[in-house]
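Residue numbers (my numbering), protein chains in the order written: chain A, 1 to 155; chain B, 1001 to 1265.
Hints were generated in silico from the structure; no laboratory data involved.
Here are some chain A residues the structure puts well away from chain B; computed CB gaps all over 10 Å:
(1) G9
(2) I12
(3) Q14
(4) E75
(5) L84
(6) P86
(7) C94
(8) N141
(9) M153
What follows is a list of derived Cβ distance ranges for each label pair:
(10) V1254(B) - E79(A): 47 to 55 Å
(11) D1240(B) - G53(A): 35 to 43 Å
(12) T1244(B) - T137(A): 25 to 33 Å
(13) T1244(B) - R135(A): 23 to 31 Å
(14) E1164(B) - R116(A): 21 to 29 Å
(15) H1242(B) - M1(A): 36 to 44 Å
(16) T137(A) - E1234(B): 32 to 40 Å
(17) G1053(B) - I12(A): 15 to 23 Å
(18) T41(A) - S1005(B): 17 to 25 Å
(19) D1014(B) - G100(A): 44 to 52 Å
(20) R126(A) - L1264(B): 23 to 31 Å
(21) T137(A) - N1020(B): 45 to 53 Å
Selected chain B positions facing chain A (in silico; Cβ < 7 Å):
(22) S1003
(23) F1004
(24) S1005
(25) C1106
From a predicted model like this one, the values you see are computed outputs, not experimental measurements.
Ideal placement from N, C-alpha and C gives every residue a C-beta, glycine not left out.
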Amino acid sequence: MQVSLIVNGRSITQDVEERTLLSDLLRDGLGLTGTHRGCDTAQCGACTVHVDGRAVKSCNLLALQVQGCEVLTIEGLAEADGTLHPMQEAFKECHGLQCGFCTPGMVMSTIDLLRRTPHPSETEIRESLEGNICRCTGYVNIVRAVQHASARMET
Amino acid sequence: MYSFSYHRAADVEDVRAHLNNGSDSKLLGGGQTLLASLKLRLAQPDCLVDLAGLPELRGIQQADGKLLVGAMTAHAAVASSTEVKGAIPALAYLAGQIGDPMVRNCGTLGGSLANNDPAADYPAAVLGLGAVIVTDRRRIAADEFFLGMFETALEADELIVRVEFPMAECAGYIKFKHPASRFALVGVFVAKTAAGVRVAVTGAGSVVFRVPAMEEALTRRFDPEAIAHIRLDEAEMNSDLHATAAYRAHLVNVLARRAVRAALN
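Required output: the full structure, derived from the provided sequences and hints.
Right, dumping it as structure tokens:
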């Protein structure tokens, strides 16, 4: 079946099998391998992307379900000149990563958090990260990065 | 995942036609449980009928002293709705406790109820408030809806359209989250409504259930201590690697008292 959607601002039309997951379309169909396939069971959150501005797990959606939607992946965050998104910058500043595998999902998920709650408390940040697992257990700096971004994005 | 065909339904008639065309079709709401079970090859439908294109199944409104929530309304929409927070705060709180933020952006009320997972949150609110499940053909009282583990009163070709929640004088929901899945190891919803006090328990048994002894005690005195002595029969509780039946029976009492306290606040 054919699916049409907008990915990082570009209109895309692809032929997909009905059972193709959004994560598979992004990675295998469009070569956007920044969206990571971690557990493939909707638990780890490494595959988190935005669909129409909301964070979702792309391994737990069919590509056909996002027909006509706007998808934003980690590749679509930085500006054309390479300037990082404030959340990416904050993860870099605060060293909010160790191996980096969970990072794209963490960044996409926490951008959605700040959309809903521009000034989250530490508890709110930790609660909102329930769906993103860092196996290096680097949460202290991840939380710090989100606080840093929250302060930055305000100004 | 085994292969299947996919159909984005245009309206309720179209849904019904697909469910009655002789193939094994399943309805796709947010897909947060269905897709996971397809990946595990626990199901092999011929066709998925996607309900995403039916705006009439989405939305939250108040009418005739009731709160109406469309079947395709996402958990995140219920959790953040000022209407729900104002009318039945415990329901908004419960929706915000389901899964994680990404799951809540996709998962739907109707999907949760039709699936009727024994540890799901929404069945506790629907039974605890004495809500009515409105389908494409009839109205089903919560007391008649949840029949058993993953089993409901829905016909094979029946579609949930919305749920009508009666307003509560006060209500509270407390769950003990399984730390990995965030499903309720045990969850208790307590509500004081015009129809009386109701106590609904999820996660503890094979299906959500009420606790008449607690309801009677709370009707006499709506206070956590009024139910402190009421213990549930271990023989009726689930037992698995996460918690024994005795532990679940204990949790029901502890969480019910906390839920009453939450309702009073």
